[in-house]
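Work from the hints to combine the two standalone chains into their complex.
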Amino acid sequence: MHIPENYLSPSTCGVMGVVMVPVWLHAARKVRETVPREKVPLLGVAAAFSFLAMMFNVPIPGGTTGHAVCGTLVAILFGPWAAVLSISIALVIQAVLFGDGGILALGANCFNMAFVLPMVGYGIYVLVMRAFASRSSAGGSQAHRNAAQAPTLELVAAGVGSYVGINAAALCAAIEFGIQPLLFSNAAGQALYCPYPLWVSIPAMLAGHLTVAGAAEAIFTVGILAYVRKVAPSFGAGSALVTTGSFANGEALPQSQVRRARAGLAALLVALVVLTPLGLLATGGAWGEWATEDIAESVGYTPAGMATGWEWSSLLPDYSLGALPDWAGYVLSAVIGVALLVIVFRAIAAGMKSKVDFGTR
Amino acid sequence: MEPGSDRPSPSGAPAPERSLPSWLAQPEAYKPASDRDGFVQKSLLSLTGVLSRLRIDDGQTTPFSPSAPVKLACGLALILMTSLSSNFAFTLVMTAAVLLRMAILPSKALRRAVGVSFTAAGVSALVMLPAFLVGQPQSALLVGTKVLVCVGVAMVVALSTPVHQLTGALRTYHVSNLVIMTFELALKNIVTLGSVATEVLRALDLRSVGKNRSKGASMGGVGGVTFLKANKAARTTADAMRCRGFEGEYQAVPRDAYKRVDIAWILAVAAVCVLFVYLQGVA
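Heads up: the sequence lines are chains A and B, in that order. Read left to right, the first sequence gives residues 1 to 361 (my numbering). Read left to right, the second sequence gives residues 1 to 283 (my numbering).
Next comes chain B alone, as it looks inside the complex (with noise of 0.2 Å):
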């Protein structure tokens, strides 16, 4: 008879009766004490933050954008003239396109245009409080409209154009070979280390269980190990440069690249232009 079975043996006579190990009829009362990982999982979170903004606003082009080259010009050109007016009257017709375009854009970006340039605008209106105080309304709204408009501008420009678009962009205004190569490789080292400390956090936090003393020293070892992840991708992406024949030399944008909508964007902004030089003889 299999050990533990409730059958009768087979001469007939009842099974002797079992009883449980005394160990195993004890009442289950595990409470582990409370995890400290606060560190671990908020770093975590931040990280995976980071990279989900990263990879996933790639940036979103429609029919009616420009090309990259133009959108950037187009975007620095607004940017100046809001800055350089002396009056708000058209800094607020720049209110309304900048307002304009980000309504239409796709959720995410919304949100990360509106949050970034509203928070901007926010700040700036407290710094400049003592103009309430004084009587001085205008200075302090004038300021935060200026910053709303410029910073919407550039998160437009960002969140609407891919990030080799942008790097081609930087390349056709003659923006130094180091520098866009400096600006390419950080944001891919960004995303490639970060996956490589997100997975060594995630490790840490599934095999250090329950409170221990050893979790905060492994800290340094996260930091250790992408330290020395971050030195093998370097070593890695200068062998792929050699095989690849790439010795950091970036093209600018191809002629064929340009669309026929850049020349509606270019009249816009000359229009603007023309506004503003019309406004400032005004003020």
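Looking at chain A on its own, in the form it has when it is part of the complex (with noise of 0.2 Å):
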């Protein structure tokens, strides 16, 4: 789902970059206000989950592959708006260091995956949750067989929210790639950026995302978060439980509770770094992120936008060293961008002023 380079135009880039802006202003002011200092690391870890879903490619049938983004997840867990700035600043990292995804075409990436996805899947989400807990209110009797069943729910909603919210993300993608032959040709009808129209960009995007990269989402949604709650309960806005060791009101935490679930973050972070290369099993690229000398052997021509069109010179393109095998190409990529969304949400931490509560009187 990452528009590459030159596969949009660049006013539709420029119309993309200007809608985030006030986005990610109102996040970050959002975020300011709403996570504590002390857990804005953690909203680093949840986004290098995201940043890992990512790498995970999976076979799509018709030859093309899909990911799933974790956007639900973070919303989930830290709130839609830190949601949708811990995924951008996940994609500006994949788009510098590793070229997955265009520089210009940013904006839309983040419109669609850090904005569109979390904000949807939430809602969902939301919606599941209130429609259970009217249900079991109504129950009377019913009540304590719900209450106990409420992880489970959460599940299910979470699981719900995800598939709904990465197919509103996908549909977004299929009419911004979609749009681009209706409003930019040539005098021949030749398209200037992505060749194919509404009508083709659209079912081939949901086909993919409706069946295997939306279920793909969901088991790594509902998968991480059923973890996430057992093995660190209070990993969320909940508590700050994992970086100090004691809840808002000063309550010291069991040490063995806080190294637990400390462990336990840090095991799922490393099994994911090591199991990223396993995307590299799914062969074939993703639809609309096919190479220029593709677009003209499926079409008949290049586009002229694509042909001329401006090129970053990433770190690491397509996640490969180029020396080493491709596994550790993918491993390698995984250490750096884990490691980077930590140090950048622990340094906004350390950059944050903290914030005392004196009580009223």
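Keep in mind that the hints were calculated from the coordinates and are not lab data. Any given hint could be a false lead.
Computed list of lysine-lysine pairs in BS3-like fashion (alpha-carbon distance at most 30 Å, straight line) [claimed, not checked]:
#1 A:Lys353 to B:Lys42
#2 B:Lys42 to B:Lys108
#3 B:Lys108 to A:Lys353
#4 A:Lys353 to A:Lys30
#5 B:Lys232 to B:Lys215
#6 B:Lys146 to B:Lys108
#7 A:Lys30 to B:Lys108
#8 B:Lys229 to B:Lys215
Computed from a predicted model, the values in this text were never measured in an experiment.
Quick look at the structure:
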């Protein structure tokens, strides 16, 4: 779903960037207001989950690949605006260091994966949770049983939310692809940028995301959420368990719990990093992420905007290292990405002013 | 009756009404001229900043940290290999390792390490900006990444090792006693004289209120007092050395200071060496 460079016209990229600027500013303000300073580094860990999930490519019928984003997961753990900010930073790192997604298309990619996905996913999650809650309050005698089932219900809501969220994001990406040939073509009727119109791009994108990629998103979200709730129950916006080892009221937690939570999260990150080469098993590229030569072969001409377009020279293009095997490049990229995300969010936390609440008298 | 009291006099006659003195009834409109003490405040801030960095970040070791001599040697080896590497893959492997280590530094150390290393890398990339213009962006990326790794390794070694352990490690590698003593005394004097300068500047700030011309002239006095104190501190240090029988001879790190974890670190750096040689051959 990462739109590469030159697939969208510069004007489309500009519009999407302008749309995202107020969204980023609002998200930054909301994060400053709602996420306590000591929890900001955890946001980096959540962004790292999303970064790693995007590296696991799954094969989609038709010869293309797709991947999970885990935007709904971050939104459930830290709130939708925190998800906007953290997934945007993950996408910037992917575009700048690994050439995954275009630099000019960053606004569009962030709009689809960092804004639409977590907002829609979280909205659906909240609606489903409310539906469960209203049913349990109406049920009367079933209230106790429903309370015991609450964790399962949350996972169901998260699965439904993440599935709808990623499909909403895919639909947006398909529309952005599809309007290009309708808006930008030369006198001969040849597209200047992405050559596939709406009636091709929407079915092609949604076919993959309604089936395999959507299922992958739901499985990743539900799996990681279930693990986090079990190993580090207060990882999200609930408490400062992992970083400070104490609740907001200063009550200290048992050291064993803190250690267990930290070790559990670190183990999950390490396991995901080590397993990223599994993403290489899926052969073929994602829909809409082909090389220019492949496009020329498939439509019979090279769109003019792609032939003369600007290309960013990234550190590890396509997560590969050249001299080293592909799996090593993948693992190395995962380590660099995760480390950078943790550093960025820890540096943000270090730069934030600490808020001390002296209470009201 | 007490002056100013409202009670009637013992004779029963009402007390004569007392009015406020005219000068006291005047509305107060005291507006002091704005103080020009920007330079004093700036000097104070920069001095305090240097002192806080020197005092707070005195290196923090972790249970997995190697002993100081091994850490110093490993750091130098990694910087040397990164500088000599002609294969970008090796630089990227080192980048991953350095970023991973930085990510788990304590908060304050992380801020300094990231600030210094990323600024250095950014300046290097800026200097290499013409490479982008002539179509060689890889050169700028290579230089920027190498600078990031080298400065990052140096910062991690410095921020995770207490100063006294570093001086001991230098002696292990037969660095001259005079060099170590100069290094150590310089650091300690920066702290001592910095504190003196801060106190004098604070006194100047408190005593010289409002706009006046003598404030700027006093800056020379601050320098003079600090210089005199430096002289005194040097004599005191010399006396202290004589009293304790210290002739400027530093002890190398004793054998029992080495840890088991050192072996793991040496093996890891040896593996990096093998990777370096392999990748040089591939390039």
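These are the hints, each one checked on the structure:
no., hint, in the structure
1, A:Lys353 to B:Lys42, "22 Å, holds"
2, B:Lys42 to B:Lys108, "23 Å, holds"
3, B:Lys108 to A:Lys353, "14 Å, holds"
4, A:Lys353 to A:Lys30, "15 Å, holds"
5, B:Lys232 to B:Lys215, "26 Å, holds"
6, B:Lys146 to B:Lys108, "24 Å, holds"
7, A:Lys30 to B:Lys108, "25 Å, holds"
8, B:Lys229 to B:Lys215, "21 Å, holds"
Comparing the model with each earlier hint shows no violations; every hint is respected.
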